[in-house]
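Enquirer: Here the sequence shown is numbered in the numbering used here, starting from 333 and rising by one per residue.
Calculated from the structure, these hints are not laboratory results. Bear in mind the structure is a predicted one, so any value in this text is a computation, not a measurement. Wrong hints could be hidden among the right ones.
As the list claims (entries may be wrong) - Calculated cross-link-like contacts (lysine-lysine; reagent style BS3-like; alpha-carbon spacing at most 25 Å): (1) K484 with K403; (2) K336 with K526; (3) K446 with K403; (4) K484 with K446; (5) K400 with K336; (6) K403 with K336.
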Amino acid sequence: MHSKRIAITGIGVVSPLGQEPAEFWRHLLEDSDRMSEVVPQRMGQASFQGMIDDFGDVPQYLDRPIRKALKLMNRETQMGVVAGERALLESEVTTHYDPERIGVCFGADNVSIKPEDFQSGVAACTNSEGAFELGAWGTQGLTEVAPLWLLKCLPNMAACHLGILNDLRGPSNTITQRDVAANLAIAEACRIIKDDDADAMVVGASGTSLPVFNLMHARLEEEVSQDSTVFCSPFDKRHTGLAPGEGAAALVLEDLSSALSRGAEIYGEILGMGSASVIGHDGAACGRALVRAMRQMFRQVRVAPESIGHIHAHGLGT
């Protein structure tokens, strides 16, 4: 049952480093500095962040449906949908497989909630002395909140919109494991294809730490870098923490033999995956988890380490 090999046949990216895979890869190899300055400095973070100014183009035939759905998308969902659509368009799987055999598995970070969504409701419950009256919220405040606001905040919205826009009727799942969600989504999608529950899967993740609530959580829960000279260097022993930023990426995975038979471009093959967790009493991750995850992966791939082209690691820089 698990003899299938998994190929990557589509890539989509929305990133400060670029909106196309080739552009993203070029800037990555050039070690390009694509950080933008934040003025004034916010939430105690260093004064640089990875912000995206333009999501780029989306397929023309989806322009109108996406625009209609935008009112139900927060920023993370928008980025995830754009990345997923680009990967699907490039792979052309929707023209080769039954929609009931194409699924979605997306990863989610902390989903941002905008304080302004509740501004009118809070104002309605504020008395003449400027004090908030909690008892009035159910009758006066809640009625001032947009009825569909919650649909912007659910972590599974990227997967939902991708499925709806493309009529994908296969398995749909969302992994809410923050920074490791993308890797786990890939692992879950590989399992689904190998179990013959789908012929192809759209996988990826989307997230942003730039909205005010997300910045607050990052500042309270993560090691945010205070030194802009060593930003985005998770595997450098000089690393001082993560840099606030945002982005999304998506892959299309499918059975290798099916991809070859239809003449698809193969970007690579996923040989195996591993995951483990060892958390110390101080809440910090332990290096033993990395060793266990890699050993688990090598047991699956059954090839010499020197023949592996890439290990997609989980590196926060913390």
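Enquirer: Does each hint hold? Answer for all of them.
Expert: Hint check results:
no.	hint	verdict
1	K484 with K403	8 Å, holds
2	K336 with K526	5 Å, holds
3	K446 with K403	14 Å, holds
4	K484 with K446	10 Å, holds
5	K400 with K336	39 Å, violated
6	K403 with K336	40 Å, violated
When the structure is compared with the earlier hints, violations turn up for hints 5 and 6 and for no others.
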